Amino acid sequence: MKTIAMLEGWTITSVETIENYSREDDTCLSILDEIKNVSLANTEDSADVTGKNGQALFTIKKGKAVTGSGSSGYISGNLMALQTGAEPTEGKIKFRKREIVKFGKDDTSINLSETAVGTEGNEILNLIVTVTDENGDVSTQYEQATAADTSKFAYADNVVTLPTATNGKNGTVEVIYEYEKDGASVGNKSGTYGKTTHTFINCLGTNTCDETYFIQIEVYRCDWNSNFTFELGGDGVEHPFEFKSLVDKCSGEDRFWDFKVYKKSV
Amino acid sequence: MAEQYRDCLVCGKSFKVCNICQKDIDEMFQWRRIVCCPEHFSYHMPIIQYSRGKLDKDTACNELKSAINTYGNIEFCDNVKGIVNEILSENNVQ
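For the protein sequence lines, the chains are A and B, in the order given.
Here the working numbering is used: the first residue of the first sequence is 1, the next is one more, and so on.
Here the working numbering is used: the first residue of the second sequence is 1, the next is one more, and so on.
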C-alpha cells in the first residue's frame, strides 16, 4: 500500500455542516450548521489464539463498529425527527393557553387574547371565576353553554360572556383554551425509532503551509437513535445527538464510511 | 381522578364528558365533549351556529327540522329553548 500525500499533513480546523439525506431518493432531510462538537468512534473486537505458554499466535479480529456523537449549538426540529423517527408537520398547530383576565362591576364579558378553537360549544376547556365580596375571594368553576345564563358562560369570537351570577361584581377569570397558529411540529411516538440516513460531515482543514483542505466524511448508513437530553433553561440549549454507522451492504463494498479530502484552490 | 360530568348543551341531561375519545376524528365532530349522545349533536350544530351568526335562519331551520324528522321531537333545555323557538318561529313547526 503506498502513502497518498494528500491524506497527510493537515488538521481539521472546523466542522462546517452535517447533512442528512434520504437513502432512497436523496431528499435533504436535515442540515446542521452550528456544530459544537462531533466525534466518530471506531472500534473492533479481537480474540487471541494462543499456543504454548499462552503466547499469542494469531489475533482474530471481528466486530468492527462505528458510533458517532456530538452536539449542535441550536435545536433542530428536523434532527429531532430523524432521532425520534417522526414526520415533522407544518400548518395550523394548536397551542394551549392559560389566561387570567380581570373584570369589573359593569362588565358582562371579557376578551381573550387569542381565538379559542375546538368543538363548537367546548372551545373553552376550563373557566374559573373568582369574585371578591364581603366573604373574601370565592372561586367557582363554570361550564360553557350555547347561551350565558346564571350558571353557564358562552363563547364566540374571542369574547366570553360571563355567567349572569357574576354581574355587578369585581373579580378575575381564569380561562384555559387552545388556539391555532401557522407553525410546525415534530413529535415523539412510542412506536417509531430513529431513521437511517446517508450522512455527510463536511469539514475544513489546514496544513502547515496554511493551505485549506475540504474534508467530507460520507457515512453511508447513519442510524440515528433517540438517546438525547435537552438541558432546558440556563445559557442556551444544545441539541446532542448519537448515531451508529451501519455496514452499507447495498453498494456491495460493505463500508461504514469514507474519509475524502481535496485541497481547495486559492 | 374523579369522572367529569357536564350538562348536555341540547337537552340539559348530565353526562360523562370525554375530551380524549375519538381524537382521531375531526374535532368538529367530537360530540362527547358537549352533548349526551350523537343524535343530539345534530340538533346542537344548527342551534349554536345560528346563535353565533354563522348560519342564517333558513339554513338553521332546515337543519334543525332535519334532525327533528330523523330523531324526533325532544325537550330542549332552558339554555337553548329561546334560540330554538326563534329558529323555528316562522315555520310553525314544533
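Fair warning: there could be bad hints in the mix.
What the hints assert, rightly or not - Which stretches of chain B does chain A cover? Using the computed rule of at least three CB atoms under 8 Å from a CB of chain A, they are:
(1) 3-15
(2) 27-34
(3) 40-51
(4) 77-88
FYI, nobody ran anything at the bench for these hints, they're computed from the structure.
Since we're looking at a predicted model, the values are computed, not measured.
A virtual CB, placed ideally from N, CA and C, is assigned to each residue, including glycine.
If you look at each residue in the segment 3-15 of chain B, do at least three have a Cβ nearer than 8 Å to any Cβ of chain A? With 3 residues closer than 8 Å to chain A, the segment 3-15 of chain B meets the three-residue bar; holds.
Examine the segment 27-34 of chain B: at least three residues should have C-beta closer than 8 Å to a C-beta of chain A. Satisfied; 7 residues make the cut.
If you count the residues of the segment 77-88 of chain B with a beta-carbon closer than 8 Å to a beta-carbon of chain A, do you get 3 or more? As far as the segment 77-88 of chain B goes, the hint holds, because 5 residues have Cβ atoms under 8 Å from chain A.
Check whether three or more residues of the segment 40-51 of chain B sit with their beta carbon closer than 8 Å to a beta carbon of chain A. holds (count 6)
Violated hints are absent here; each numbered hint is respected by the structure.
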